[in-house]
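Trainee: Here is how the chains run, residue by residue.
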Amino acid sequence: MTSTIPKLPQDMPVTSPRYVGKEVKRIEDPGLVTGRTEFIDNLKLPGMAHAAILRTPHPHARIIRVDASAAEQLPGVVAVLTGEDIKRWCNVGATSPEGWGSTPMAVEKVRFVGEPVAAVAAISRYVAEDALELIEVEYELLEAVTNPEEAQAPNAPKLFEHNASNVILDRNYTWGDVDRVFAEADHVYTEKFRWNRVGANPMETSGCVCQWDVVNNSLTCYGSYQTPGFIALGRAASLNLPSNRVKVVAHPHGGSFGGKGGPRGTDIAALLSRKADGKPVKYIEDRVEYLLAGAGQSWDRYYQASLAVKADGTLVGLKVNLVDDQGAGAEGYGTISAAKPLAAFTGCYTIEAAQYDLKLVATNRAPTYPYRGYGPPPHNFVLESMVDIAARDLGMDAAQIRRMNYIAPDQFPYTIPSGNEYDSGRYEVVLDKVIAMANYREMRELQVKARTEGRLLGIGIVNTVEPGVFDWNAYSTVGVPGVGVPEGVKVSIDILGQITVTVGFALEGQGQYTLAAQLVADYFGVEMESVRVTYASTDIAPPHFGHGGSRLGVAISGAIMGACNKIEEKFRLVSAALMQCEPEQIELMDGHLRVKGMPGAEMHIAQVAGTMLGRSDLLPPGMEPCPEASFVWTAPDRNEPDEQGRCKSYLTAANACHIAMVEVDRDTGVTDVLKYFIVDDCGTRLNPATVEGQIQGGVAQGVGAVLYEEYVYAADGQPLVSLFSDYLLPGIHEVPMTEKGALETPSPVTPLGAKGCGEGAIHTTPATIMCAINDAIHPLGIQITETPASPNRLWQLLQEVR
Amino acid sequence: MTALQHVTVTVNGITYERSVDPRLSLVDFLRHELHLTGTHVGCEHGVCGACTIIKDGMAVRSCLLLAVQSDGTNLQTVEGLRNAETGELHPIQQAFIDEHGLQCGFCTPGFLMSTLELLADNPSPTDQEIKDALDGNLCRCTGYQSIIKSVRLAAAKTSGGKLAGTHGSA
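Chains as they are written, first to last, in my numbering: chain L, 66 to 867; chain B, 8 to 177.
Because the hints were derived from the structure by calculation, they are not lab data.
Okay, the calculated bits of chain L under chain B, using three or more residues with CB under 8 Å as the criterion:
(1) 104–117
(2) 567–577
(3) 780–793
Only some residues are given here: those of chain L computed to face chain B with a beta carbon under 7 Å:
(4) Lys90
(5) Val98
(6) Gly320
(7) Asp351
(8) Gly758
(9) Gly762
(10) Val764
(11) Gly796
(12) Met802
Once the Cα atoms are required to be at most 20 Å apart in a straight line, the calculated DMTMM-like pairs of lysine to aspartate or glutamate come out as:
(13) L:Lys90 x B:Asp105
(14) L:Lys631 x L:Glu689
(15) B:Lys156 x L:Glu88
Owing to the predicted nature of the structure, the values given are computational and were not obtained by experimental measurement.
Note that the Cβ used here is the ideal one computed from N, Cα and C, for glycine as well.
Please put together the full structure from these sequences, using the hints given.
Mentor: In structure tokens, the structure reads:
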């Protein structure tokens, strides 16, 4: 008999799951609240040196000369790295479309403020920074291009001289009969939007300790890596090593949100170690470095969108034109985040045809990198704002126009024009639930009253689809090929029956070690506390990717269920032999292998494991004495995209509806979020407390992006943000305390019915607050179409109608 | 290089004597000289609060102080919260676990120490008082809602009795 991966928690071999679906306490937490968890800056290796990086103050310049001789002479300095070493040892990073990548340190020219030009390893960070001051760099300044318009001008200075222009990618996707749909529409609304740069800013910056084994020519990198296997492959490519000669050891890290993937620091520390004859070298990025030039800037976008609508409010067509300022090249996978909206281009709606004009442009700003949400937050801001613009013009309520355009529950699986297939959803139920929770009608009455008092009170009601469980195929058309994202685990039961789960990713904050323990404990009917979850470095871990794309919870559920299932099959064979029956007569239930229909004829899994490892004489002939199994999961049924980028990419489609009430102060332009309600349907909630934490954290980042955060650049290309006093992360007073409700529509296509849920709130919150602000100010005849809606920006708008 | 200076400081009840470079920051001293790595560095310019410790009863940013400025003081860090003899967590630590007041946990030691100061001064704070007390600590993961719940729970568990200080402290 072959069992399969359980489709729902109640299908697990346990009378009633004790942990899965319950608000269990996290096994990660005792180490974290006591300060014992080993973040990378806690690691010390014998003989370790400390690196500091010299960064250019110029946005665009040719390097004429680098003189590091004085630095080399400073007592305590063990190695100095310059562009000459890079030229000798290093390749252009493989993370970008051909011709648009960079080496970890500038060789001939610098392209953005903060780009590394030299580095020092010394006995302490203090001495290393002293040495930086002794390095002389002579530059020939070049004209900088600081926005896409300048970058595309005729005769604009080119960032990469070997390319024809500064345009990295220019393509059009057309899905369905767009021309007909727009011609037949009763209304076509068109608007421009601007989303300014924001970024991840995890509380821990990135860091590493690298050691080059100069005898065996191999490299070990310890660090705060979100995707260890990927980092290992990248280092092999950039540092000219065979891929099996790079070992990456990911440490628990203080958040990432996509914005910790920059490999430059690791490459530099690795080469300093190589130059220091194999001494380990630690590099801890500081916050100024992170803000200037870390992998922490994302989504610098100029949009124009058109929405085609029938007279009755039916949405029929969507055109989006996006010009994305990628910054100095495409090293940071910024290209991908422009492509991700294909996975949910038309949101919750039955829009029949769509078009996406996508242009990615290089400028002398810092390169853009991933950030939680990976592109849809700006896209949804545009889409949902357009829906509100249509509703206002048609005199419809914002909830009503959405309701009448929803994909209905019986239409799933539903293929959207841009090709992805949504698995399931009940959008109207989610809407009704949040409307009831918010008492939406009363909110509107409050608004009417406030308006008569001259107050600017607004309500935003916004719904989105969160594509979950990312797949590489979503990005094939922007230069990242592949189908499938394998994630593997190993489950082992020792001779005393204790269980260990081995994974290829480190703690990052989402509670996936806890989830692993929940799953295994319920599968084998043991206490969660007795399951140990441990990390394996890239040289010994099963194939893995790690965190990213609202995927890991679902992926490790699949991998763990698969591995447990394999062990169950082995145990069935062994226990059948021991209990003298056929394997088909054995079932696993509550941690025991039982002979069906014979009460009392059973063996505990510990007995079976102990027998396998300690009594080979009792095993069936040919049975491997191995009470462990590995399983590598990837999403089923994914395919290659067609020429228009259409494919089954993200496996799950979670859905949420947010309602916010805001008040804009007419005198100061300050927006106060008065109330905030959320109903979210991400399928089975494997640990509801963790899901709620993901949602609230996404709200906080969404609030930051839409009201406060912005990487500001001066007209000459100088970044004006280098401190947290310039880049305003929302604090405890700024983030609304939300009221949350849940709907659970289990995914029919995932293990246990869970859907990706790590990014939904940041997809939804910026649009919700922006729509609320526009709802507040539109009676004055103004609207805001640029993020963040900072007091300054709103005040200027309000002054125009004074 | 400037001459080293002598520092005598008590941390979590243990007195340390060291000679330090005058420019060494207090947080680097704690982390790299005393190997008390539970205090984290988030911004090194006094905004994020990850490095918050208690100095002579007051919450301070250890990234904005020099090690030499701690000479003769009594410091409490996150390592001192847990009772090493019984293994018991401090009620504030336990409350953060119970209410899911952390995700990545990097900012958490700073929040715990700010909460320690708050509840020592005000055993039953209102939500507004909690927010005011924690306004100098940034968290990028939780969105703060569960942190407020954690502080409420910690207050409820300890109110009525004097809140225990850090283990080993005076």
